[in-house]
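Enquirer: Please put together the full structure from these sequences, using the hints given.
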Amino acid sequence: MNKSIIILVITILILSGCLPEESPLSDIEITDPSLIAPSIKLSKSIGENDRVTNKIEVWLFDKNKNSIELKGGEIRVNNNVMKIEEFNITHAPYYSVENTVELKTDYQFEIELSDGAIYTASIQTPDKDLKTLNLPSDYNCNNDMNITWKDIYLYDEMNIGLNCYFSGDSSGGQRLSNLDIEKNYYIKGSYTISKDNFNMEDGDIYKAIITLTGIKKGIIDERFNSDREIKSIFSISKNISIN
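To get this note's numbering, take the position in the sequence shown, counting from 1, and add 11.
The hints are simulated quantities; they were obtained by calculation from the structure and are not laboratory data. Please read these numbers as outputs of a predicted model, since none were measured by experiment. Virtual Cβ for every residue (Gly too), placed ideally from N, Cα, C. Where hints are given, some of them may not hold.
Said to hold, decoys possible - The calculated lysine-lysine pairs, modelled on DSBU-like cross-linking and capped at a C-alpha distance of 30 Å, are:
no., residue 1, residue 2
1, 242, 227
2, 242, 74
3, 66, 218
4, 66, 52
5, 227, 52
6, 66, 82
7, 161, 94
8, 161, 218
9, 242, 199
10, 228, 66
11, 161, 52
12, 249, 228
13, 242, 115
14, 249, 218
15, 194, 52
16, 115, 139
17, 94, 139
18, 227, 206
19, 142, 242
20, 218, 142
Unchecked claim - Label-pair distances were calculated between CB atoms; the ranges are:
no., residue 1, residue 2, range
21, 240, 99, 17 to 27 Å
22, 116, 38, 15 to 25 Å
23, 60, 178, 22 to 32 Å
24, 123, 237, 16 to 26 Å
25, 251, 65, 21 to 31 Å
26, 184, 131, 41 to 51 Å
27, 98, 217, 31 to 41 Å
28, 82, 131, 14 to 24 Å
29, 234, 35, 17 to 27 Å
30, 250, 99, 17 to 27 Å
31, 184, 42, 44 to 54 Å
Expert: In structure tokens:
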């Protein structure tokens with residue numbers, strides 16, 4: 012993900028009070044999986060200059076969306092123990108492993124609680140990358156924008172992220188928005204973004220970052236909290252100048 016997008020997202024989350032902090036449940040030995048809502052994400056993104064970023068992360072959330080470090084427990088992926096990290100803003104704990112997210116590969120997660128009980132989650136990644144995103148070479152925001160991609164795969168979900176830069180004041184500004192793609196477009200490999208998404212009351216847009224994302228879901232033990240999830244997230248981003 013583009014660095015400027017990350018900064019903007021973090022700023023929005025700070026202002027809205029949505030950033031996770033460490034849960035009080037980190038201080039006790041948890042034996043009840045229903046107290047935990049694991050969020051397991053395997054992400055592979057292609058950004059500027061075709062830079063590839065891989066992440067395999069597990070967050071364990073409590074009912075208040077704060078994150079848990081397992082006391083007397085651990086998390087493994089494909090028999091590799093995941094290390095504990097700290098989110099650099101609030102020092103909330105999460106688990107990660109340094110590894111490349113491979114195509115068409117099974118990932119088996121084991122979450123072991125303090126009593127030794129093991130709860131599992133699994134996913135197979137897609138067999139194709141999202142590595143080709145075609146944008147118009149010259150775009151005027153008075154027209155709809157047609158985008159295409161060649162790496163056709165029937166994901167569970169697809170969306171387009173728009174990060175628009177506008178010159179509304181001396182410092183400039185940004186606006187983030189997200190468009191869900193209807194399933195019938197997945198296999199077409201094309202989508203038309205309405206010009207309405209580029210109309211800014213705050214100023215004229217001079218640049219946008221377009222991100223195409225495909226999401227595939229896996230299977231996770233139903234004894235965890237109902238907010239549990241496991242998914243692979245493949246994405247590609249490109250910049251475009253706007254007239």
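Enquirer: That 21 to 31 Å hint for residue 251 and residue 65 (C-beta), does it hold up?
Expert: Holds: the Cβ-Cβ distance is about 25 Å, inside 21 to 31 Å.
Enquirer: Could you tell me whether the CB distance from residue 60 to residue 178 stays inside 22 to 32 Å?
Expert: Holds, since residue 60 and residue 178 (Cβ atoms, about 25 Å apart) stay within the stated range.
Enquirer: Is it true that residue 123 and residue 237 lie within 16 to 26 Å of each other by Cβ?
Expert: With Cβ atoms ~21 Å apart, the hint holds.
Enquirer: When you check the alpha-carbon spacing of residue 161 and residue 94, does it fall within 30 Å?
Expert: violated (36 Å)
Enquirer: Can you let me know if the beta-carbon spacing of residue 116 and residue 38 is within 15 to 25 Å?
Expert: Violated, since residue 116 and residue 38 (Cβ atoms, about 36 Å apart) do not stay within the stated range.
Enquirer: Given the hint that residue 66 pairs with residue 218, test it: the Cα-Cα distance must not exceed 30 Å.
Expert: holds (27 Å)
Enquirer: Are the Cα positions of residue 218 and residue 142 separated by 30 Å at most?
Expert: holds (21 Å)
Enquirer: Within 30 Å, alpha carbon to alpha carbon, are residue 227 and residue 206?
Expert: holds (29 Å)
Enquirer: Would you mind confirming whether the straight-line C-alpha gap from residue 228 to residue 66 stays at or under 30 Å?
Expert: holds (16 Å)
Enquirer: Would the pair residue 161 and residue 52 pass a check requiring their Cα atoms to be no farther apart than 30 Å?
Expert: Holds - the C-alpha atoms of residue 52 and residue 161 are around 24 Å apart, at most 30 Å.
Enquirer: Mind checking the hinted window 17 to 27 Å against the Cβ distance between residue 240 and residue 99?
Expert: Because 23 Å falls inside the window, the suggested range holds.
Enquirer: Between the alpha carbons of residue 242 and residue 227, is the straight-line distance 30 Å or under?
Expert: holds (5 Å)
The structure fails hints 7 and 22 (numbered hints given earlier, in ascending order).
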